[in-house]
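Student: Spelled out from the first residue to the last, the chains are:
Protein chains: 2
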Amino acid sequence: MERSVCLSPQEKEQLLSYFETQVMQVLNWLAAFSPDEEGGITRLLYTDGWLETQLALAEKMAGFGLKTEFDNVGNLFGKLQGEDLDAPSIITGSHIDTVVQGGMYDGAYGIAAGLLALDYLQRQFGKPKRTLEIVSLCEEEGSRFPMAYWGSGSIAGKRNFEQIVHLQDSYEVFFADAMQRCGFGEGTGRDSRRSDIGAFIEVHIEQGAVLEKEGIAIGVVDTIAGQRRLKFEVIGEANHAGTTPMHMRRDALEGVSVMIQALRQEAVRVGAPLVATVGRLQVQPNVPNVVPGKVIFTVDARHDDEQALDSFCQWVMKEFTSLADQRQLVIQGTEWFREEPVPMNDKLKKQMDDVCGKLAISSKRMVSGAGHDAQMFEHICPTAMLFVPSRRGISHSPEEYTEPRELAVGVLVLTELLYRLGYEGEEL
Amino acid sequence: MERSVCLSPQEKEQLLSYFETQVMQVLNWLAAFSPDEEGGITRLLYTDGWLETQLALAEKMAGFGLKTEFDNVGNLFGKLQGEDLDAPSIITGSHIDTVVQGGMYDGAYGIAAGLLALDYLQRQFGKPKRTLEIVSLCEEEGSRFPMAYWGSGSIAGKRNFEQIVHLQDSYEVFFADAMQRCGFGEGTGRDSRRSDIGAFIEVHIEQGAVLEKEGIAIGVVDTIAGQRRLKFEVIGEANHAGTTPMHMRRDALEGVSVMIQALRQEAVRVGAPLVATVGRLQVQPNVPNVVPGKVIFTVDARHDDEQALDSFCQWVMKEFTSLADQRQLVIQGTEWFREEPVPMNDKLKKQMDDVCGKLAISSKRMVSGAGHDAQMFEHICPTAMLFVPSRRGISHSPEEYTEPRELAVGVLVLTELLYRLGYEGEEL
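As they're listed, the protein sequences go chains A and B. Position 221 (the first sequence) corresponds to 258 in my numbering; numbering is contiguous. Position 352 (the second sequence) corresponds to 389 in my numbering; numbering is contiguous.
A portion of the hints provided could be inaccurate.
All copies of an identical chain are treated as equivalent in the list; a pair is satisfied when it fits inside any one copy or across any two copies.
[What the hints assert, rightly or not] Derived DSS-like pairs: lysine-lysine, alpha-carbon spacing no greater than 30 Å straight-line:
#1 K250 - K331
#2 K166 - K395
#3 K384 - K250
#4 K268 - K331
#5 K355 - K331
#6 K384 - K164
#7 K164 - K116
#8 K195 - K268
#9 K104 - K250
#10 K116 - K166
#11 K195 - K49
#12 K386 - K195
Rather than coming from a laboratory, the hints here were simulated on the basis of the structure.
I would like the entire structure built from these sequences, with the hints used as guidance.
Tutor: Below, the structure written as structure tokens:
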């Protein structure tokens, strides 16, 4: 006979109501740490507010009967020991840090969801077959130091202490000093690198508006998109806006406006999941009565297919150069950031599809255009990600919002998946 | 028998050589006042450097036998008294102030040219029939206080002390206090308003590249173009650049790039002398991985025909609104600056055409896209302007440059015109 965390629509409804209340309690409790003056949350790595949050979380995990432990970079784990001591752990969680003036869901929701799932499973079903863990990763955003995925990357062996030696924040505080101030660093406690993880499941808000617009409850992440960030400098000639006839101009901004159009048209032609954005643009001298002599701008391009992404970026370089040449503008383009696409684990994705189907919860496979800790874990274990809707796709803002019921659905799907992996012994 | 300052090609060549040396001496001498650290000249109204320059100029004028006088705003006049004491004065000159990091020709050239013309005429031909004056206008650029044409406007009755009561510079120094510190202001010396001017002739660098590209020595200004400055705010939705599919975006910058294209195409279609420029543009939040939610930008449009300018600006408002609507962007446009076209005096223009023809100097009628002191004088007397070429059209920059010989040609044409008006008694 099939087992599940909820076997009837009534049970499902009860569980959703329960999770709805609980998840808001945990999220509101977390949001009360590191509030900023603009009504958002600013919880940067290794700040006082960050440390206070991790310590409070450790206390809460212990209160839920989990065995807590910090590693030497400040990742916090809460462990629900399984019967099989040799089986690798199933880990869920997300990051505790925020951007400057962030919202209360990004990262925090994944921690709250994992905490509630483990608590519920333990109370309902007792000791699991395989060890389940919740992790509050120390850092993902790269908002204080120029280094993202510090928490998950340290676990996956993709980040190490050598890489941060010279890093400073905007107040010239060194990374290592900030870390040490919180009691972490090389030689303090357990090495962050792990090789005993059986699977990693991350629950997160979508940070896009696709689920909301399509009215779907759960996004099963197929692939985390690869990213390329390019920077262009276009040089024309700054001239008097009143005395320079139209045909004598070498207007850098006019040239760039054509490039922005071309970029959009080509992105639409290539089609989803490709996205391309000119997000940052600066004009020089930027004075109303001077023809722009120089424009510096960025292109952010993402796709789940590496080859398609590369060929798009090659097209951009070639097309922009040609458009500049036609206007006697000088252009220089460089790639300053690159991340390859990371496909999520097939078996876990199918499990997740199946969980949603069984629980009668609408879901769709989708590409994550944003980067996530999951892409670090995928290097060392089968990894999966689950999205819930984000109101109007707004994220990295105090306006970030997801309905409590939508959050509860994500917790339910995670709980069921962890039940299958931890208690039913589903093979990975 | 026809009289002229030079009756043969030999005389013309000698005079040009003479003016070439002299004009560079005066310009280099002037440039030595108020040099800035960037290799340019920064001579802002009522600063120490400004006062030092005006006082040194007064001394030089007196040394040339001119009777000097400051008015109560700091305009400096040097008078060559004519035989007819009742006839209104013929005045030439330009402004002594500069922009921040300006060049050595803008304004200063008109003063140097007038000074040399009067000196030469006096030494060659003695006392004129009509009084000739050179003026070093205190201010034109509006670079220190938010008020341009203070010198010429005060003479023409278009500026007055009431208008500057609340004005402060960027260091919060009040206009009146700065003026008083230099010994000027209400109740100090002669009232600036004049009604005894028979004509005003201004010599200036073109600040555009038309004369240079067409290989023409003198531009006879037909009309000083009217100006409209518009400001637009375009609001879309700031969203995550990775998670927002192309078809779900309301990208303010993409919309504005279409507007920039449309503006240029329509300006080219309408044709010269219309010019239209997007010179200032700011993106919000201006981050590489966020779809721009807001763009603020300016449009500067100029034309010598007021109706054509108005109808162009109406087109801009309508077209931008329509382009915004098509993209579900919200747009707000306002006009924040307006100046009507000012045609120069017909008889003086014809005199100037004729002078150039007689001296075998190439010339063309042209629109001044830039504003000048001459547009203030035109309210109270017949006014004319003459341009010499500007290398690559560069102005308001230390790189501003005109060949000494080109400068000399301008001085020669001015000298001949003043000869006709002052000594030959040409009717105005």
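Student: Work down the list of hints and note, for each, if the structure agrees.
Tutor: Hint check:
1. Taking the shortest Cα distances, K250 and K331 sit within 30 Å of each other only across copies (23 Å), while inside one copy they are farther apart (39 Å).
2. With identical chains, the CA atoms of K166 and K395 are at most 30 Å apart within one copy only, with a shortest distance of 22 Å there and 107 Å across copies.
3. With identical chains, the CA atoms of K384 and K250 are at most 30 Å apart within one copy only, with a shortest distance of 28 Å there and 70 Å across copies.
4. For the homomeric pair K268 and K331, the shortest alpha-carbon distances inside one copy (13 Å) and between copies (21 Å) are both at most 30 Å.
5. Taking the shortest alpha-carbon separations for K355 and K331, both the intra-copy value of 20 Å and the inter-copy value of 29 Å come in at or below 30 Å.
6. In this assembly of identical chains, K384 and K164 lie within 30 Å of each other by CA distance solely inside one copy; the values are 24 Å within and 104 Å between copies.
7. For a Cα distance limit of 30 Å, the shortest separation of K164 from K116 inside one copy, 11 Å, qualifies, whereas the shortest one across copies, 105 Å, does not.
8. Taking the closest pair of Cα atoms, K195 and K268 come within 30 Å of each other only inside a single copy of the chain (26 Å); across copies the shortest separation is 49 Å, beyond that limit.
9. With identical chains, the CA atoms of K104 and K250 are never at most 30 Å apart, being 41 Å at best within one copy and 81 Å at best between copies.
10. Within a single copy, K116 and K166 get their C-alpha atoms as close as 13 Å, which meets the 30 Å cut-off; across copies the closest is 106 Å, which misses it.
11. For the homomeric pair K195 and K49, neither the shortest alpha-carbon distance inside one copy (40 Å) nor that between copies (80 Å) is at most 30 Å.
12. For a Cα distance limit of 30 Å, the shortest separation of K386 from K195 inside one copy, 24 Å, qualifies, whereas the shortest one across copies, 76 Å, does not.
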